[in-house]
Every structure is written in structure tokens, then in C-alpha cells.
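Turn these sequences into a full structure, and let the hints steer you where they fit.
Chains A and B are the protein sequences, given in the same order.
In terms of the UniProt record's numbering, the first sequence has 546 at position 546, counting the first letter as 1, and numbering is strictly consecutive.
In terms of the UniProt record's numbering, the second sequence has 441 at position 441, counting the first letter as 1, and numbering is strictly consecutive.
One thing to keep in mind: the hints can contain errors.
In silico EDC-like pairs for lysine to aspartate or glutamate, Cα to Cα no more than 20 Å straight-line [unchecked claim]:
1) Lys6/A with Glu519/B
2) Lys532/A with Glu505/A
3) Lys19/A with Glu519/B
4) Lys552/A with Asp271/A
5) Lys210/B with Glu392/A
6) Lys228/A with Asp196/B
7) Lys210/B with Asp240/A
8) Lys17/A with Asp196/B
9) Lys19/A with Asp5/B
10) Lys24/A with Glu519/B
11) Lys6/A with Asp324/B
12) Lys328/B with Asp5/B
13) Lys8/A with Glu139/B
Rather than coming from a laboratory, the hints here were simulated on the basis of the structure.
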Amino acid sequence: MHGRVKIKSTAQQEEEKRKEREKKLKIYIAARDACFSKRKEGICDDEALQLTQQLLSSNPDFATLWNYRREILMHLEAVKDKDEVQKIYEAELSFLESCLKVNPKSYGSWHHRGWVSARLPQPDWARELSLCDRCLSLDDRNFHCWDYRRMVVKMSGVPVDQELGFTDHLIGSNFSNYSSWHYRSTLLPLLHPESPEPLSPCRKTPQTSPPPSPQTHSHRVCEEQLLKEYELVQNAFFTDPNDQSAWFYYRWLLGRAEREEMISCVYVSRDEERVAVAFSRPVNAQSVGLLLVLDGQPQRVEWRSVHPRFKHSPVWICDLPPGTISDITNEHNLTVHWTEKHTHRDCALYTGRTESYCRDSATDQELFRSELSVEKTSVLQSELQSCNQLQELEPLNKWCLLTIILLMRALDPLGYEKETLAHFQTLKEVDSMRSAYYSDLCSKFMIENTILKMEYAEVRVFSISDKNLTTLCHLDQLLLVTHINLSSNQLQRLPPQFAMLQCLEVLEADNNNIENLEGLFCLSKLEEINLKNNNISTLADLQPLASCPKIKRLDLRGNPVTQMAKIEAELAELLPSVTDILL
Amino acid sequence: MAAEDLPSEFDVVILGTGLAESVVAAACSRVGQRVLHLDRNSYYAANWASFTFNGLLTWIQQHHEESQPEEVQDWSSLLEEGEELIYLSYSDSTSISNLQQTADSEGVEPTADLPRPSAIQGQSEASRKKISYAQLVKEGRQFNIDLVSKLMFSRGSLVDLLIKSNVSRYAEFKNVTRILTYRHGNVEQVPCSRADVFASRQLSVVEKRKLMRFLTSCLEETEEQQGEMNIVFSLFLCDQQLGDNLEHFLLHSIAMVTEDTPTEVGLASTRHFLRCLGRYGNTPFLFPVYGLGEIPQCFCRMSAVFGGVYCLRHSVRCLLVDKDNRCKAVIDSRGQRISCSHFVVDSSYVATEQKKVTTPTRFLSRAILITDASILPSNSGQQVSMVTVPPIAAGFPVVMMVELCSSTMTCLPGTYLVHLTCQSVGSAFDDLSPVVTKMFHTPETDDQETRPSVLWCLYFNMADGLDVEVEGHNLPSNVYLCSGPDGHLGHDHAIRQAQLIFQKILPEEDFCPPAPNPEDVLYDGESLLPTGGGGGDNSGWGEKGEETKENPQTEE
Numbered sequence: 001m002h003g004r005v006k007i008k009s010t011a012q013q014e015e016e017k018r019k020e021r022e023k024k025l026k027i028y029i030a031a032r033d034a035c036f037s038k039r040k041e042g043i044c045d046d047e048a049l050q051l052t053q054q055l056l057s058s059n060p061d062f063a064t065l066w067n068y069r070r071e072i073l074m075h076l077e078a079v080k081d082k083d084e085v086q087k088i089y090e091a092e093l094s095f096l097e098s099c100l101k102v103n104p105k106s107y108g109s110w111h112h113r114g115w116v117s118a119r120l121p122q123p124d125w126a127r128e129l130s131l132c133d134r135c136l137s138l139d140d141r142n143f144h145c146w147d148y149r150r151m152v153v154k155m156s157g158v159p160v161d162q163e164l165g166f167t168d169h170l171i172g173s174n175f176s177n178y179s180s181w182h183y184r185s186t187l188l189p190l191l192h193p194e195s196p197e198p199l200s201p202c203r204k205t206p207q208t209s210p211p212p213s214p215q216t217h218s219h220r221v222c223e224e225q226l227l228k229e230y231e232l233v234q235n236a237f238f239t240d241p242n243d244q245s246a247w248f249y250y251r252w253l254l255g256r257a258e259r260e261e262m263i264s265c266v267y268v269s270r271d272e273e274r275v276a277v278a279f280s281r282p283v284n285a286q287s288v289g290l291l292l293v294l295d296g297q298p299q300r301v302e303w304r305s306v307h308p309r310f311k312h313s314p315v316w317i318c319d320l321p322p323g324t325i326s327d328i329t330n331e332h333n334l335t336v337h338w339t340e341k342h343t344h345r346d347c348a349l350y351t352g353r354t355e356s357y358c359r360d361s362a363t364d365q366e367l368f369r370s371e372l373s374v375e376k377t378s379v380l381q382s383e384l385q386s387c388n389q390l391q392e393l394e395p396l397n398k399w400c401l402l403t404i405i406l407l408m409r410a411l412d413p414l415g416y417e418k419e420t421l422a423h424f425q426t427l428k429e430v431d432s433m434r435s436a437y438y439s440d441l442c443s444k445f446m447i448e449n450t451i452l453k454m455e456y457a458e459v460r461v462f463s464i465s466d467k468n469l470t471t472l473c474h475l476d477q478l479l480l481v482t483h484i485n486l487s488s489n490q491l492q493r494l495p496p497q498f499a500m501l502q503c504l505e506v507l508e509a510d511n512n513n514i515e516n517l518e519g520l521f522c523l524s525k526l527e528e529i530n531l532k533n534n535n536i537s538t539l540a541d542l543q544p545l546a547s548c549p550k551i552k553r554l555d556l557r558g559n560p561v562t563q564m565a566k567i568e569a570e571l572a573e574l575l576p577s578v579t580d581i582l583l
Numbered sequence: 001m002a003a004e005d006l007p008s009e010f011d012v013v014i015l016g017t018g019l020a021e022s023v024v025a026a027a028c029s030r031v032g033q034r035v036l037h038l039d040r041n042s043y044y045a046a047n048w049a050s051f052t053f054n055g056l057l058t059w060i061q062q063h064h065e066e067s068q069p070e071e072v073q074d075w076s077s078l079l080e081e082g083e084e085l086i087y088l089s090y091s092d093s094t095s096i097s098n099l100q101q102t103a104d105s106e107g108v109e110p111t112a113d114l115p116r117p118s119a120i121q122g123q124s125e126a127s128r129k130k131i132s133y134a135q136l137v138k139e140g141r142q143f144n145i146d147l148v149s150k151l152m153f154s155r156g157s158l159v160d161l162l163i164k165s166n167v168s169r170y171a172e173f174k175n176v177t178r179i180l181t182y183r184h185g186n187v188e189q190v191p192c193s194r195a196d197v198f199a200s201r202q203l204s205v206v207e208k209r210k211l212m213r214f215l216t217s218c219l220e221e222t223e224e225q226q227g228e229m230n231i232v233f234s235l236f237l238c239d240q241q242l243g244d245n246l247e248h249f250l251l252h253s254i255a256m257v258t259e260d261t262p263t264e265v266g267l268a269s270t271r272h273f274l275r276c277l278g279r280y281g282n283t284p285f286l287f288p289v290y291g292l293g294e295i296p297q298c299f300c301r302m303s304a305v306f307g308g309v310y311c312l313r314h315s316v317r318c319l320l321v322d323k324d325n326r327c328k329a330v331i332d333s334r335g336q337r338i339s340c341s342h343f344v345v346d347s348s349y350v351a352t353e354q355k356k357v358t359t360p361t362r363f364l365s366r367a368i369l370i371t372d373a374s375i376l377p378s379n380s381g382q383q384v385s386m387v388t389v390p391p392i393a394a395g396f397p398v399v400m401m402v403e404l405c406s407s408t409m410t411c412l413p414g415t416y417l418v419h420l421t422c423q424s425v426g427s428a429f430d431d432l433s434p435v436v437t438k439m440f441h442t443p444e445t446d447d448q449e450t451r452p453s454v455l456w457c458l459y460f461n462m463a464d465g466l467d468v469e470v471e472g473h474n475l476p477s478n479v480y481l482c483s484g485p486d487g488h489l490g491h492d493h494a495i496r497q498a499q500l501i502f503q504k505i506l507p508e509e510d511f512c513p514p515a516p517n518p519e520d521v522l523y524d525g526e527s528l529l530p531t532g533g534g535g536g537d538n539s540g541w542g543e544k545g546e547e548t549k550e551n552p553q554t555e556e
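Right, here's the structure in full:
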């Protein structure tokens, strides 16, 4: 066909491009080598500035060159007058803009810009802020720019409400934006701090403890603003319930009360002359200034965690010097001071008693409700209603289901137990990739509920059989439990934390998949262990039991280990105290 | 241009510079056909054209004047043996009708700089300074007023073609920024994108969820939808239990169909709308800066770059047809015989008796308004709005309205250009003035300052090109007809026509392949033009003859 435009063949084009590339590479390498040798000689001249500029404008991620450039600039700063320095730095900023066009996510360029802006004699922060606006309008998730923006805002004192307005704008154009939501969560407490109000009854503390630290209520937002935020974020998750950024912000709004730091339980045993102390969070008792005072006398004791694996643990024990409390006719007063936190707990061991304890129960502390906030019940109730409404429309949305579960737990963990379990079942089906996570979470909630029930009943028996437990947690809350029933669950191990059950006498854990007994460590009162139909396969798995001196009865029926040759003899050697063994 | 003779041989002669003709011209030139492209008007794009305010006034005047019947000349001397003549119509007397200018300057001399009567009575007039008719005339060059009102679907065939062919480089585009609808006497924003739905204040959260869910489900063709195919779309929507708000938005603004549209069509239309969302912005539409009249010109430019020859104010008087009923040549308005293998013509050049028109010709009703404020003022002043106006009463048509702000370079800063379009029921004035009166402040309405004032207004009817077929007329087999503009919002009709014609002419060739990168073009020795471009020397880009010298290499 005549008249057709003739076009170079692909081979021709590629050859040309290859040559072009080669040429560029040559120039680049030459310039790079020149820069390096200049730097070696310590030359800080204009030529070096130009060379680095050439290189950086084609490859803004060359960190060494940025460093060299800073050396040169600092040198110039020393020798030139202020106006010239201003000009040099202004030129640097416009050069940086071109670099950011090459790679808007270059670490080097953004860092250098921050450095230059901070050194500029007369910084133009408004211009920097508008640069951030522009960059973020092109890519609202560029975290380099977010970082720089925060710096600019800090340096120039941009009003918080203006920044909040900016997040409004970004969220309005695309709410799938963690950065904006997160920025909001840092701005709101500054702009609308929660007014200090008297402590709600659920947070009452023992009168002996000092008042809670002021940061307990920090990061919270006043109620009026919170309600607006709930509305905003509901708009987001009703519009797109599969977008997780809004759900995470929602979780933040619903809050996460910080637990007060305190000694939650002190336990004394006369027989073992031992003291066990439980803390509200894992601590390293050796370094937090723990002081034991017995009948007015500070004692020199050695604190140890319940298991050698833990350097930090919520439960610590110590042995009293032999003979100090062994006489049953004596009464003793014990105080444990947590000097670092200015808190302490007393415990009296009366005449004729073999043990004693003093504690705040989980029910008093409303411990497990703190997961979601100190929010008012009415607010949580109306949020639950909204989520239920969404769930009706989107019965299979995992974020909605999970949030409903959390709200229900915050409101009434025992009352909503049935619904919670049903929702967990749905969650495991719709999000099967995370079914193990949901099983663990469900186990946690079931354990919390059982703890609550146990404490309402004021007993020291913890029974949670046939609840599909996959994991154990909150074991620090079970310090005083003497009898535990974990039968017919799906547990695979008794983790080291299990050693926190310092008062345990009877363990029932039949019909699980337990293959690891690490947690049965130094349980000095443990007498009976039922492990029928589990998965214990070697003698080594039973090794931890050797550290429990009082075991008398052991049921290992239905475990692979029973098939071993000479098992009886081996067990007798390993566990001499056992008198009654079922294989 | 000097009365220089044109080359006497071309592959394709195209008469009329409307969109379809221009696309055919570009496509043919691109693959090396020698193209002669003519238009009897002094401007490009025929009924697709954009005018300055003054240009539009001239256009109105021309249409008011009776066209002079041309004396029939005898061309028999140019006939070869066995050839017959088919005369083309001299002027287009049918496609535009019922022109009615209701400027509020009526009675006021266009030159007189008098304040409007209401300005004298002036209540809140001080805050809103009226722009006088004289100012409009004085600043007339700042207007680019389209005769047709369309928008480009961002995944429609026009946008695809502009991208594929690289013609997009000749124009700039702006997003339509919002979709509005007129409902219960108010203008409301239609939430259609995810961001809109999120930000909407009219919808409850439950409505938001329902809307999003419906829209998401529309993107896939589900079996559930298949089951509902035999009912009309409005009933189908009703069955979804979406509520009145959402049904209105979906039917009128998103699917943009009528009450009795079948579900299948409604869903397809919704799907198209949704697929177009988010490609360039939060609405499905683009609008070319400087107006729609730019688009045909861009394709003409592409044709010229590849050697197409352009002449405005130049027409074809008659076709020479051989015994096989093929058009062998044409005689132009200067009496020159130009041979060609194919002839493409805008239907308005063809006499009615030669056209096969199925139904009584349908018309579109158009109104063009210059107003002083947006129908829905917003914080960010520069909005380009698409407004759907459902029938204001039984028997009235659905009206599509586009409001352009000055950043589209179609109107004077401080004014808005509003286009209204509907299928004609009566005359344009009868169809559209009730809507205008309801939504705007006109001299006839009571003083309600909340509504934008109409500074100038034009009504006219335009033939709807939708029914005109490319072939099957009482014409030679190698003559193809291009309809004028159609009433649809998008450009699919014209692009489809152009593609069809191109395939008839060159069945083996690719339709508008990408123009090569300038650096990849090879040139023969001294020739500046693409090698062997048909009739290169003489190619004139209308008034801007040098344009053809702009071969791709000079473009950087």
C-alpha cells in the first residue's frame, strides 16, 4: 500500500535504545567516580554540588551523594553570608522538587528536604505545606510525605483544626486511607480532649492504693466529638464494609482503656513458706523495686518467675527464710510494696490458717470489659445497634461480625455469650483463612467468661470442659485455683504460663490433643493429673512433671507414650512420688 | 485561499466535517489513503461545531435568512460516456429549525449597554452584578458554545478511539465533577462514586449500604438479574426495595433511562456508567476543554498530518455515477471534476428524495443558556455538572442538562453555560422552556433570587441523526452517509458509523492504529512529509495551511 508512514523496526529501535543506555551509563559512572574522588579529597566546591545534582536528579536514591551534598552545604553555610545561604538552600528545595518528581517515595530526597527546611534561615513553611498538599493529593498514601508534613506542621505551628480539616478532605475523597484516619486519631485528642470527669465506679481502686496515674485517660476524646466521629466512620463502613481502615479507626474510637498498674493478688502459703504475687501486667520483679515486709520487717528474699523461660511475668514467687511463718499458732502481716509505682498490697495470715490471700477479683475490676473502652453503656448500646443493622444487610461481613462481638463483650460478656459463639461460628466459615485466629480469640473470651462465673460463685475451681478451647490465656488470673478441668477441648499444650497456677492440686485435661506439658513446672501442690486420650508420645514430654514434688496420681491412658517398652519402669524412675499410675 | 485547483484524483472524498466524517478522514489518511475533506461552511464540524458568542449570533442569523436556491448548472461537458449525474442539495435547510432567541435583551439593542430592568428595581442585585448583553457580545470570544451537547463516557468508544489513535494529544479534557438531578423542585447531588456515597448527607447509612450493594451487584451479571429480565427496569428497581431516593437516582441519573426501559437495557446502562467511574475521576464523564467542537477538528488534524487535504467553504455539487451504479468522480463547487473511489457525505448534503428515511424525521430539542450562577453553588466554584431532569409532567420528555463553568473555556468567567437536550415532543421552546422557567430565573418568572438568572437563551430543534443508516439509500454503492448528531449522551453512534464506513472502504485495514512515536518515523531524504502522502503539496488545513507541514517529528 502506498503512502504508508515508514516506521523503524523493533530491532532498530532496540539497538538505538541500547546505545542510548550505554551512553548514559558511561556519563553516570564517570560523574559518580568524580564525586567519590572529590569527596575523598574533602573538596566542597560548586562543581561537586553540580555533579551530585546531575547524578541525584537521575537517581535520587543515592544516599551517599545526599550525605556528600550535605557536607558541601554545611561548608558553604560556614563561608557564605546569610542571604547567599538562603539562596543556596532555596535552590536546593527546588532541585529536590524535581527529584521528588522522579521518585515521589525516595527516602533520600524526603530526608534531605527535611534537613534543608530545618536549616533554611527564612523557611517558607506555607510553601512546604502546600507541597505536601499537592503530593498527598496525587498519592494520599505516601508515608514519606506524611512524615514530612508532620514535621512541617510541628515546625510552623499549623493550627490543629486546620490539619483536621485536611484529613476531612482526604477522607472525603477516598476513605481507604489509614494515614488520614491515623492522623485524625492523633489530632482529635489535642483538639477535643476529654474533660476530666470523676472516675466511673467500675474503675474504683482499693483505698490503700494511690490514685491512678494521669495518663490513664489520655488519648481520649470528648463525647460530643466522639459522637460525630462515630457518625463519620459509620458512613464509611456502611458505604464499604470491606474496607478495613474505617473499622480499625472505629476500634480506636471505641477505645481501649489502659489498665491501672497495681499488685492484683498476694498469696501466702504457710506449708511451703512461700509468697506469690500477681501484677496487673508482666513485670520483671527483680528490677521494679519489689519489697516484702513481714510483720514490719523488710525481708531479703529472692524473687523468681514461675518458669525459667520468663524474664517478665505477671506472677512472681519467693521463698521466705525457713521457719519464719511455719508455726501455725502465729499470726503474720505481710505487705508487698511495688515501690516503682508507689503501690502495695497487704495480706494477713491468721492463726490456724495454712494459707491466705488478698486480691481484687476480675469482677471487681471489670477486667475483661476494658478491651473496648470506658465508653458509656448507652453509647456502646447504640453502636451495637448500628452494627447489627449493618449485619442484617451484610450477614457475612467479617469486620462487622468481629466488631459486634467486641461490642457485646464490652456490654455484657456473659449475657451475650450465646450470640457471641454463633457469630464466631459464622466468622470461621466466612473467613476460613483466619479460623485459627477466631478459635483462639473465642477461647480467650470463653476463659474470661469462665473466670467471671467462677468469681461470682466465689470458688477456686475452674471448669471449662467441652468448649472447643484451642489456647489458654489469662492464666495469671488463676493463681488461686486449686482444681482445673480442661477436659474435651482442642488444646495442644500446657504452655509455660500454666506454671502460674501456683495453688493447683488437681488437673483434669482428658480428651485434648496435648503433646507438650512444659507448663507443669514446679507446681508444688499438684497431686493429681488426668491426661487420658491426649497426644503425649515420649518420655521427654513428661520430664517437666519431675519438678512437681507431690504428684501421686497420673492417668496417661490413650497416649502414644504408653506403647513404649518399659514405660512403667521409666516412669517410676522419673516420677518416684507417683503411687497411682494408669497406662 | 487562492483559487488554486485541487488535485483531480483522490481515494476518498469526504463532504462535511462532522464527527463521523472526520473520524473516517483520519482513519483513511492514517493508512495512506489520499483524502479530500470538504465542508461548505466556513467553520469545522458542521452541526457538531462550537462557536464564540458572536459566531453563534452569526450562525443564528444565517439560519433565519432564506437560503437562495441555486441555479442549476449544466455539467454535461464534464460527463464521460455512460455517466449520470446526481445533484446534491445546495444548502442544509432541514437539520436546524424553530430557532428562537429569548435573550433578556429583547427589545434592547445589542450594542446598548443598558442595565437590566430588574437591576434597576434591584433587591439583592448589588451582590450579584448582572452581566449585560453588551458585555456578552464584547467578551464573546471567551465563549465556545456547542451546537450539540454530549459528554464523553470515560470508557466509551470515543475515549477508546482517542487513546488508541493518539488523537487525544490534540486536545485537553476535564472531568465532569458531579452528577445532579432535579427532584421535588430542588437540585440534588447524585451520589454515584464510593466517595460521593460516603460523603452524601441525604442518604441514611442503610441507604448507603443498599446503594453500594446494588451498584456492586450490577457490575456482575448475576442469575438473579437474568430472572428479572422480562420486567421493566423501574419495576426491577422497585423489587430491590431500595426506597424512593435510590430508585430515583438509579433510574434517572445512573442508568439514565425512562420508566418503561426493559431491565436488560437498564442494567447494561448502569453497568456502563459504573465501569466508566473512577477512570479519570469521580464521575463517568469527560468534557473537552474549549468544547465538543474540538473533537472533530482533532481528527481532521490527524488526517491532515497524514496528508489529508482540507478545504472549507468548498462543496460538491454533484456525483458522477457509472453504469455499475458506482460514484466515479464528483464535481466540486468550482466546477472541477475530481475522481474518487469512495465518497462519504453528511446526510444534510443529500436531497430528501435520495435518502431512505424510515420514520418521520425525529428531532432533538435544544436550549442553550448563559446564566450568572450555578444551579447548585458549591464551595469549590468550578464545577462541571451533568444534571438529569425527569419529565416535569406527564407527556414531557426527559431532559439532559450540562452546566459548564468557565474553567472548561466555554464561557466567560462569572457565567455558566447550560445546555439542555431532549427528544422533541413539540418545538424546542415548548419542550424546554417549562424546565428553564422552573430551574432558572428568567424575565418571565417572579423574582426569586436563589435561582440563577438567565442572561441569554437560545432554543432550536436539530434533526436526530439516530435513524440515518450508512447505506441502503437511493445512492451509488460506494457512497456512504453520515448522520448528523444523535440525541444520546455519548458518542457511540458517530464512532460506530465511522468504523462501519471505514470497514466498507478498507475491509482489510486497521481502524485508526496508534500514530507512531515521532522519533520512530523514517523520512525519505529531503521530504518533510510522510513519504508519498497523497497530494501532499496541495494539502491545506483550512485557513491554517502550514499545519500539514507539522509532521510528527516537529512535535515534541
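Evaluation of the provided hints:
Distance hint between Lys6/A and Glu519/B is fulfilled; the C-alpha atoms sit about 11 Å from each other, no more than 20 Å. Restraint check for Lys532/A and Glu505/A: satisfied, since their Cα atoms lie roughly 17 Å apart, inside the 20 Å limit. Restraint check for Lys19/A and Glu519/B: the C-alpha separation of about 15 Å stays at or below 20 Å, so the hint holds. Simply put, Lys552/A and Asp271/A have alpha-carbon atoms about 18 Å apart, close enough for the 20 Å limit, and the pair holds.
Restraint check for Lys210/B and Glu392/A: the C-alpha separation of about 11 Å stays at or below 20 Å, so the hint holds. Under the criterion of a C-alpha separation no larger than 20 Å, the hint pairing Lys228/A with Asp196/B is consistent with the structure, at around 19 Å. Proximity of Lys210/B to Asp240/A is assessed by CA-CA distance (about 11 Å); at most 20 Å being required, the pair is judged to hold. Pair hint Lys17/A plus Asp196/B does not hold up; C-alpha atoms about 45 Å apart against a cutoff of 20 Å.
A hinted pair counts as satisfied when its Cα atoms are at most 20 Å apart, and Lys19/A with Asp5/B does not qualify at roughly 48 Å. For the hint pairing Lys24/A with Glu519/B, the CA-to-CA distance comes to about 18 Å; that is within 20 Å, so the pair holds. Proximity of Lys6/A to Asp324/B is assessed by CA-CA distance (about 36 Å); at most 20 Å being required, the pair is judged violated. Distance hint between Lys328/B and Asp5/B is fulfilled; the C-alpha atoms sit about 19 Å from each other, no more than 20 Å.
The hinted pair formed by Lys8/A and Glu139/B fails the criterion: a straight-line CA distance of about 49 Å is larger than 20 Å.
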